[in-house]
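*Asks:* Numbers 1 to 144, taken from this note's numbering, label the letters of the sequence shown in order.
None of these hints come from the bench; they were simulated from the model.
Hints may contain errors.
[Claimed, not checked] Calculated cross-link-like contacts (lysine-lysine; reagent style DSSO-like; alpha-carbon spacing at most 27 Å): (1) K116 with K53; (2) K101 with K55; (3) K71 with K107; (4) K39 with K107; (5) K68 with K41; (6) K101 with K39; (7) K107 with K68; (8) K68 with K55; (9) K99 with K39; (10) K39 with K55; (11) K39 with K116; (12) K68 with K53; (13) K53 with K71.
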Amino acid sequence: MLTLRSCAIWLIAILSILSGRVLAADEPAGDLFTRLNAKVKEGQPFQLLVRIKLKPGTEARFAAEAAKAAKGTAGEPGCDMYSFFEDREQPGTVILFEKWKNTAALKSHIEQPYIKTFLAFMNEIGTAPSVNLLGVLSEAKPAP
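Turn these sequences into a full structure, and let the hints steer you where they fit.
*Replies:* Structure, rendered in structure tokens:
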């Protein structure tokens with residue numbers, strides 16, 4: 001069963017612009033903040049990619065809870081993007097993409113009441129997400 005901490009770790013890992021290397025969620029690198037601290041410099045923006053495989057029968061409730069989390073997060077300082085996407089090639093799979101200005105913004109984010117509620121819901125339905133930290137290729141520049 002998922003714990004609130006593992007859900008928070010998952011949520012934090014959603015999108016990271018790091019040092020140009022992808023760090024897979026199953027790489028033995030510790031919890032998300034440990035991974036972020038190892039790969040993201042102080043004040044550096046980052047992105048997280050979270051893949052959530054929903055259990056049958058939880059899709060509608062998940063969509064409602066995700067909408068509440070996204071609405072609250074949209075106004076947070078330090079959040080550049082927080083969006084849920086349906087994987088149309090893998091039914092029952094949701095992708096969460098997050099883009100943060102720095103780790104302090106993410107730490108503040110997981111303390112928000114609507115995120116605590118969302119993480120408790122994730123724990124309740126027992127869905128274990130995978131999280132990837134992403135980096136921009138050194139030869140490519142992201143679009144503005």
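*Asks:* Decide, hint by hint, whether the structure agrees.
*Replies:* Structure-based check of all given hints:
The suggested pairing of K116 with K53 holds, with an alpha-carbon distance near 20 Å, which does not exceed 27 Å. Only pairs whose Cα atoms come within 27 Å are accepted, and K101 paired with K55 is rejected, the gap being roughly 32 Å. At most 27 Å may separate the alpha-carbon atoms for a hinted pair to count; K71 and K107 meet this at roughly 18 Å. At roughly 16 Å between alpha-carbon atoms, K39 and K107 fall within 27 Å of each other, so this suggested pair holds.
Only pairs whose Cα atoms come within 27 Å are accepted, and K68 paired with K41 is rejected, the gap being roughly 30 Å. Pair hint K101 plus K39 holds up; C-alpha atoms about 14 Å apart against a cutoff of 27 Å. The suggested pairing of K107 with K68 holds, with an alpha-carbon distance near 19 Å, which does not exceed 27 Å. As the CA atoms of K68 and K55 are separated by approximately 20 Å, the hinted pair is consistent with the 27 Å bound.
With a CA separation close to 15 Å, the supplied pair K99 and K39 stays within the 27 Å bound. With a CA separation close to 32 Å, the supplied pair K39 and K55 exceeds the 27 Å bound. This hinted pair checks out: K39 and K116 have alpha carbons roughly 25 Å apart, not beyond 27 Å. Proximity of K68 to K53 is assessed by CA-CA distance (about 19 Å); at most 27 Å being required, the pair is judged to hold.
At most 27 Å may separate the alpha-carbon atoms for a hinted pair to count; K53 and K71 meet this at roughly 22 Å.
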